[in-house]
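Trainee: Listed in order, the protein sequences are those of chains V and H. Numbering follows the numbering used here, with no gaps: position 537 of the first sequence is 537. Numbering follows the numbering used here, with no gaps: position 59 of the second sequence is 59.
Check before you lean on any hint, since a few could be wrong.
Stated by the list, open to error - Derived, one-sided and incomplete: chain H residues facing chain V with beta-carbon distance under 10 angstroms:
| no. | residue |
| --- | --- |
| 1 | Asp16 |
| 2 | Arg23 |
| 3 | Ser25 |
| 4 | Val44 |
| 5 | Leu45 |
| 6 | Pro46 |
| 7 | Asp51 |
| 8 | Asp54 |
| 9 | Tyr55 |
| 10 | Gly61 |
| 11 | Val67 |
| 12 | Arg89 |
| 13 | Glu95 |
| 14 | His135 |
Said to hold, decoys possible - Below are the EDC-like pairs computed for lysine to aspartate or glutamate, each with C-alpha atoms no more than 20 angstroms apart in a straight line:
| no. | chain 1 | residue 1 | chain 2 | residue 2 |
| --- | --- | --- | --- | --- |
| 15 | V | Lys265 | V | Glu540 |
| 16 | V | Lys474 | H | Glu60 |
| 17 | V | Lys293 | V | Glu758 |
| 18 | V | Lys474 | V | Glu540 |
| 19 | V | Lys715 | V | Glu689 |
| 20 | H | Lys14 | V | Glu13 |
| 21 | V | Lys474 | H | Glu31 |
| 22 | V | Lys243 | V | Glu292 |
| 23 | V | Lys574 | V | Glu682 |
| 24 | V | Lys521 | V | Asp615 |
| 25 | V | Lys521 | V | Glu432 |
| 26 | H | Lys14 | V | Asp142 |
| 27 | V | Lys474 | V | Asp615 |
| 28 | H | Lys14 | V | Asp146 |
| 29 | V | Lys492 | V | Asp523 |
| 30 | V | Lys492 | V | Glu559 |
| 31 | H | Lys14 | H | Glu42 |
| 32 | V | Lys46 | V | Glu273 |
| 33 | H | Lys14 | V | Asp143 |
| 34 | V | Lys250 | V | Asp318 |
| 35 | H | Lys14 | V | Asp116 |
| 36 | V | Lys474 | H | Glu30 |
| 37 | H | Lys14 | V | Glu15 |
Simulated from the structure, these hints should not be mistaken for lab results. For clarity, every value in this text was computed on a predicted model and none was experimentally measured. Yeah, the Cβ is synthetic: ideal placement off N, Cα and C, and Gly gets one too.
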Amino acid sequence: MSQLTVDSTATWEAELEGRIPPHLSEEIEIFETQIAQKRQGRIDDKVFAETRLRRGVYGQRYDNGQRHDGTASRALEYPCGDLTKGPNTVWDAPGMLRIKIPFGAMNGEQMEVLADLAEEYSDGIAHVTTRQDIQLHFIHIDDTPDIMRRLAAVGITTQEACGNSVRNVTACPLAGVCRDEPFDVSPYAHAMTHFLLGHRDAQDFGRKFKIAFSGCEQHACGLANMHDLGVLAQVRTTGNGTKSTERGFKVFVGGGLGPVPHQAKVLREFVREDELLPLAQAVCRVFGRLGEKRNRARARIKFLVAKLGIEEFTRLVDEELAILPVDERWTAYLDHLDVADEHPTRPGAALEPGPRPEGFAEWLGTNVQRQRQSGYVTAAVNLPLGDLTSTQLRALADTARRFNGGLVRNTVEQNIVLRNVGEADLPALYAELRAAGLGAPGASSLVDVTSCPGTDTCKLGISSSRGLAGELRKRIADSIRTAGVLADEAVKDLRIKVSGCFNSCGQHHVADIGFYGVSRKSDGRTMPHFQVILGGQWTENAGSYGLAVVAVPSKRIPEVVERIAGLFVAEREKGESFQSFIARVGKARIRQLLDDLTKLPTYLEDRTLYSDWGDPREYTLGDLGVGECAGEVVTAVEFGLSAAEREVFQGLLELDRGDAGTAASRAYAAMVQAARALITTENIDIGNEPDEIVGEFRTRFYDTELFFDPYAGAKFANYLFRIHGDAETDSGEEAHRRIEEAQLFIEAAHACNQRISEIQAAGSLRRAV
Amino acid sequence: MNATSTTRFDDLVKLDLKVLASRESAAAPEEFIPVFHRWITERVLPELLIDVADYSHVHEGPGVLLVGHDAIYAYDESRGEPGLLYSRRRETAPETAGIRTLDERLESLLLCAFRACDQIEAEPQLDGRVAFDRHRIELRVNDRLVPRDDEAALALGNALRRALAEAGVADDREPVGVKRIGEARDRLTLRTG
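For reference, chain V alone in the conformation it holds in the complex:
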């Protein structure tokens, strides 16, 4: 009888040894330790939640252990019992993993690994998000370290993909090949990504921080206007009567969608390329220092900019810039601006007449754009709802390798773009994409509806955005096929975007026709609705935001689209844009047009309206949970103390293994880390040298008695002073004592931090009075 002959101890850690960059390997080991700590109840729920969120490990609907079946909420009895991975979040509940793809750029090897991961740990689907990330759903937290290792081995990290951190840095997917850009912003987005990833000045935010790069002003491009920090490529002449130019950027700050959208303000009309990273760092410092921490609804930087005014905000940024310690990384990357270069691998010959595959002409008309490089084009893969299977992702990797060297970019419209495709190769490319089910026409057009996850998986979802988007795609495609009103040339390029709630992850504010999920009571029951948003502008980097016109039952939204499109086709003036048309006819007219759709039938008259798209359960808000988009507000000092706890935990494991020397060293290191964490509340620039840390700790917390315990006085501080400079020991007994002391020292640091917070709160209160 044959046997399966494998090494049963095989692990991905061993399998990938030497292939993971050391800093990412260490990061993953830290997370694995934190998972072990959480299982043993040695780490606070809130701290663990934020630490997993900062690694992209997100919650998903029903992770509170409850599911509403339409009539009652029922318990989901996960086998983990009381073990949680955050407040009210059950350990065993499936979650989502957000994978950062800086400026959406992926190569063939990365696509193949993502495909493998989707199959082995998720549901076989890779989902492209509206910020160029990839998301996998239904992931168990225990699998995440191995997933992270496999990603890290191909240069991908999930670090800071969620939580109150700098999220994925996005950029125009045509950067480098666009006909309008002054230069390629990709290497600058790359530099920004790596500069701010894990940067100490970007660890103490009250909310997330999103950065986008655009190459030009007139197109949607990178959507610079709707980001916390928007960066727009500019070139200026340097004067002196010469024709020389220099690269730089117009920088925006304080833009954002969410429930209350804000247009970004101009922070700098022009910064030179060597000034960009320090400027971003200074903005992060101001946001970290002055941004709201308690009221999460007003904690994005847009509220700080609005509160201070752009002039004062600019002054504060200038102040920070003046005192920033010089960092060689600010300019070092300028010697490597070819880091994101992509070069064609096939000739750029013209498309010759000849036989074409079925559907080629339509696809060519909607999905292909000429590049600035003669003879080359970009080809968009129109993904339904941003989804593609593992098989398709692998096929795409193969196709990309054949036609452009294997490189693609994700787009904020949830598609994928192949660049540097020779025009003559288009029929063959299309044939391959079509064979893989990736040849749908209509990219970036009316049929290409964008949607956030909504009630499918999001804990905050109110209505089924994906269900609606899927239905709209079908109906629009049908209308186009049958030459209906939605086939009219006038509406072809309109954008529809759907969010499941007011938080705008589907970017409904900047769509021509946007929707966000709400609910209404009728006949004693709840009915899913969508607010209709009109007047938004996708082009000019999300040039203006739309406003809600009226809420309509979910099941009637396709009719809303048909009526609005029909009115536009029938009554628009020559050359009139959709935004101008809406402004001219007025929202009152639109409301009147839709008025009958807002009349709600009783349950007996029409039960279908009391359930949502793609979900037969009677509609309820019973599954709404607490969202994790905002992350948990965990300060830098809390993170530092958590790291100290992790260190002492590792020391404990070493002691169990009989290595007293290492155990004692870790106990000492834990105390130093805890001391450093406290110092960061007063001096964010504190270094990592133990002598410096212990010296500052003595001055700031011992001499001032801030660290003193109300009963034990200086006792715990002296634990650190006693072994500083004499940390080495081989004695098991001494190591054991030091671990206990380290734990007490960390507890004292927590108590000290609490006292400081109370003093600061009392000070704020006095100032307010």
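We have chain V; now place chain H onto it with these hints.
Mentor: Quick look at chain H alone, frame taken from chain V:
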């Protein structure tokens, strides 16, 4: 992948088993959405069922999924061949508690998959329009740490034959043909029939 020892791989939990639909079956994947929701509500299967996911919009995709804690069930359309996919991820349900060997696990997989097939075939909402061919089965190792060489394929194939015989799908008089399908980079996948 180095095969550095010759341990029997009885710990391999992550296995997929797909029972192909008969060629006469005629149901759209979306029709499984209400069915699977009802299975959750009425606790039709003896394991924790959590959610329904609809990927019917994706070309030859996983169709409509019923996500459980231990396994995912799907009316799957991969390769353009509809069928009931049972993808085991963990074993925490009481009925899988005593599994020790690959043979026991394959028997359990067949039991779970066939039970779901029986349930679907009897669904009033589907009106008898879906039937499964229990002789056409795909077995896949959903773990790339496991070798995908000929030796592993042979061992897995033999185990599958034994499990099918145990399940009454085949016997010595009617041996089951098993062949390997897919590319080298794919997960180790076998097909009967």
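Trainee: Each of the hints needs a verdict: does it hold here or not?
Mentor: To see whether the hints hold, each was checked on the structure:
1. Asp16: holds (9 angstroms)
2. Arg23: Since the shortest Cβ distance to chain V is 21 angstroms, the answer is violated.
3. Ser25: violated (21 angstroms)
4. Val44: violated (13 angstroms)
5. Leu45: violated (14 angstroms)
6. Pro46: violated (12 angstroms)
7. Asp51: Holds: closest Cβ of chain V sits about 6 angstroms from Asp51 of chain H, inside 10 angstroms.
8. Asp54: holds (5 angstroms)
9. Tyr55: This interface hint holds because 6 angstroms falls under the 10 angstroms limit.
10. Gly61: Gly61 of chain H check passes; min Cβ-Cβ to chain V is 5 angstroms, inside 10 angstroms.
11. Val67: Holds. Min distance 5 angstroms.
12. Arg89: Interface hint status for Arg89 of chain H: holds (7 angstroms vs cutoff 10 angstroms).
13. Glu95: violated (13 angstroms)
14. His135: violated (23 angstroms)
15. V:Lys265 - V:Glu540: Roughly 15 angstroms separates the two Cα atoms, so the pair holds.
16. V:Lys474 - H:Glu60: holds (17 angstroms)
17. V:Lys293 - V:Glu758: Holds. Lys293 of chain V to Glu758 of chain V sits at ~15 angstroms (cutoff 20 angstroms).
18. V:Lys474 - V:Glu540: Not satisfied, since the Cα-Cα distance of roughly 29 angstroms exceeds 20 angstroms.
19. V:Lys715 - V:Glu689: Between Lys715 of chain V and Glu689 of chain V the Cα gap is close to 23 angstroms, so the pair fails against 20 angstroms, i.e. violated.
20. H:Lys14 - V:Glu13: holds (18 angstroms)
21. V:Lys474 - H:Glu31: OK: Lys474 of chain V and Glu31 of chain H at ~16 angstroms, within 20 angstroms.
22. V:Lys243 - V:Glu292: violated (46 angstroms)
23. V:Lys574 - V:Glu682: Distance of about 63 angstroms is beyond 20 angstroms: violated.
24. V:Lys521 - V:Asp615: holds (19 angstroms)
25. V:Lys521 - V:Glu432: With Cα atoms ~49 angstroms apart, Lys521 of chain V and Glu432 of chain V exceed 20 angstroms; violated.
26. H:Lys14 - V:Asp142: holds (14 angstroms)
27. V:Lys474 - V:Asp615: Holds, because 17 angstroms separates the two Cα atoms, which is no more than 20 angstroms.
28. H:Lys14 - V:Asp146: holds (15 angstroms)
29. V:Lys492 - V:Asp523: Distance ~39 angstroms between Lys492 of chain V and Asp523 of chain V Cα, so the pair is violated.
30. V:Lys492 - V:Glu559: The given pair, whose Cα atoms are some 17 angstroms apart, holds under the 20 angstroms limit.
31. H:Lys14 - H:Glu42: Distance ~27 angstroms between Lys14 of chain H and Glu42 of chain H Cα, so the pair is violated.
32. V:Lys46 - V:Glu273: Judged against 20 angstroms, a Cα distance of about 39 angstroms means the pair is violated.
33. H:Lys14 - V:Asp143: Judged against 20 angstroms, a Cα distance of about 12 angstroms means the pair holds.
34. V:Lys250 - V:Asp318: holds (16 angstroms)
35. H:Lys14 - V:Asp116: Since the Cα atoms of Lys14 of chain H and Asp116 of chain V sit roughly 14 angstroms apart, the hinted pair holds (cutoff 20 angstroms).
36. V:Lys474 - H:Glu30: Within the cut-off at roughly 13 angstroms; holds.
37. H:Lys14 - V:Glu15: Satisfied, since the Cα-Cα distance of roughly 18 angstroms is no more than 20 angstroms.
Hints 2, 3, 4, 5, 6, 13, 14, 18, 19, 22, 23, 25, 29, 31 and 32 from the earlier list are contradicted by this structure; the remaining hints agree with it.
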